[in-house]
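Q: This is what each chain is made of:
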Amino acid sequence: MRYAFTRSWRSFIVTLCLAVLMPVAVYADSPYEGYIYNNLEEDVHSINGYLYLDSWDGFGTEAGPLNAPEDIFVDANDRIYVADAGNNRILLLDDEFELIRIYGDADGPGKLNNPKGVFVTEDGTVYVADTNNKRVAVFNADGSYEREIPEPKSSLLGDNFVYSPSKLIVDKRGYLFVVSNGTTNGLLQISQNGEFESFFGGNRVSFNWTRLLLRWFASEEQRAQIVAERPLEISNLYQDTEGFIYTTTLGGQYNQVKRLSPVGVDTLNQGNVWYGDYYVSGPFSLPAFVDVTVDRNGLITIIDQNSNKAFQYNKLGYLLFIFGGTGEQNGLMKTVSAIDQTSDGTMYIADSSRNRIDRFRTTPFGELVHRASALYVEGRYEEAEELWREVLRYNSNYDMAYHAIGKAMYKAERYEEAMQYFKLARTRGDYSQAFKEYRKELMREHFEWILVGVVVLFILIRYVLPPLVRKLRARIGSSGTNSRPHAGNQAIVKEGEAG
Amino acid sequence: MNTLRMMGKVLRHPNEFYYDLQAPGVARWSHAILLIILAFIARMISILVTGYAFETREPYEISFLFEFVWIVVPWISWSISNWAVSTILDGEGKFKEIVVGSAYALVPYIVFVVPVTLLTNVLSLDEASTYRLFMSIIQFWVILLFLIKVRVLHDFEIGKMIWITILTLIGMFIMWFVCFILYGLIDEFVNFIINLFKEISFRT
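Read top to bottom, the protein sequences are chains A and B.
First residue of the first sequence? That's 1 in the numbering used here, and the numbers climb one at a time after it.
First residue of the second sequence? That's 500 in the numbering used here, and the numbers climb one at a time after it.
If you are wondering where the hints come from, they were derived from the structure by calculation, not from laboratory data.
Beta carbons are placed, not taken as given, at the ideal position from N, Cα and C, and that holds for glycine.
Wrong hints could be hidden among the right ones.
Selected chain B positions facing chain A (Cβ under 7 Å, derived; list incomplete) [what the hints assert, rightly or not]: (1) 551; (2) 614; (3) 623; (4) 624.
What the simulated footprint calls covered on chain A by chain B, stretch by stretch (three residues with Cβ under 8 Å from a Cβ of chain B suffice, anywhere in the stretch; the number is not a length) [what the hints assert, rightly or not]: (5) 252–258; (6) 301–310.
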């Protein structure tokens, strides 16, 4: 009786608390604050483009709990493949996390060992980077093990090569591009039979004065002791719908994201492009980008394992949104390991420490910016203009909007307004272009006046000024100063002083 | 009026100007101060009238004090260093002449920087080379006047002039270095005294 009484009291209090707290919970702020970098590289407030939706860790479901998820792949039908590395299996889920199938046999040749990467071709064939087995395992769409692509053998790989496939894609020709941990020469291009074709898209060692000087002045023995500078390691890759391969690089300050052309040349970055946070204040640390996903409009989203933030750039490399962060609350993460997105733009981020997958949804503001940005990227500035004006109504800190409206004005040949907007966006190059056109316009409109001005100026300089100067000279001369002093002029100057 | 005439002369006949400057009573402290203030004003006006596309700094990054310091400190340290070096190495120039002569060497800058900067309002960034050409002509002119000043005031030949100029520059850097160290030490010392007094006042 007493028990029931306390219980009912307790439930009452809980209900009361909930009633009081619920509105707070509904309007609760996101654990991370929206911000963006302006063209002065200062971090300014912005509206979040992505907010935390929910998480899935597999507890209490048919699939069972996740253990160190290392990769996510979303296919064309929005089905989600998760490389559940700790459980040695690949999960196939629908977009509401209902289990469809499990890849990876309990025993036999189809048994996986720490699979860190997964890729699925259009016909549903599943390629698994079976990291600890040093192979790529291939499964049929129905879940049955088909075959393996063994470790590639080639003299080009070098004696110290250790094969540790962690991520992979398969291009339309059927070639595999494999990230092997610890390999600094780039991606391994492997044929379906497991023959090594070539390295692809490797990073280069950048020029360094210190290294050059060391090489000049060091003796043979010293040179042998200097650790050879290796190119940076590729951490992950992604193939977009057009077949471009995007890579992320671990370490380094610039160009950690690359879009590789079919011959392996970076087509995304011009010069040194900074990705991730600028360190305006606080301790300096370099980001560690571990995964990248690209949507059909070319929006590039990368995740940084140091800050556990995701950074989204449009096709031209403009930063659009930053979301996530390090922490325990929902919406923050501990060790981001993989990211991919469904066709509606929902982001799936795997957290390999918390053993779960977090989902982030776009906000209305995010969608607005995405629409505007897509038009802008295609060069349809006039159509994008109204959308960018709406972006500015929500958020006047969004420098890209000013720039985009400026471009629209420029295209509409309203150069004076374009100049104003470029000034607001602090883009001096474009401002100067608009100014040049504006100047042309002014010249054309006021041509007569400019002509008259030039003629008047010419007459002044040619006929009016010389007599004036002569008169002035004469007056100075008459007051006693020399007009043309020569050597031994001290006395004359003295005269001038007196005069 | 006299200063104006001398400014015109340093532009047209720099050699003769510096000969004349050695006559007693020609070099005046007031001229030097006036010219430096003019140089500062010219600098500030040129910053103000720079076209938007050519601005490399945001307005809040520009400080009156720093612009002033960047004119005054090189001028004074050059004068002191040049005087010291040339006195040791048989130069004839007097300190006052060097100070005033250095100030007059800035005349091309004072006269031409504002009109040249006004060009940035009609040029676009593609045509920046025109602006840069004029600016480097001004700089070259100023440097030339400094060299002529060293040669004429101290009555050196060309080789020695270059040698003295290099020594003067080295001397300037040594001066700056010493001042920097002195500043650090004095700052430490003053802090020490202040802390000592604070400590004593807390204890009593």
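Q: Tell me, which hint numbers fail for this structure?
A: Per hint list: 2, 5, 6 violated.
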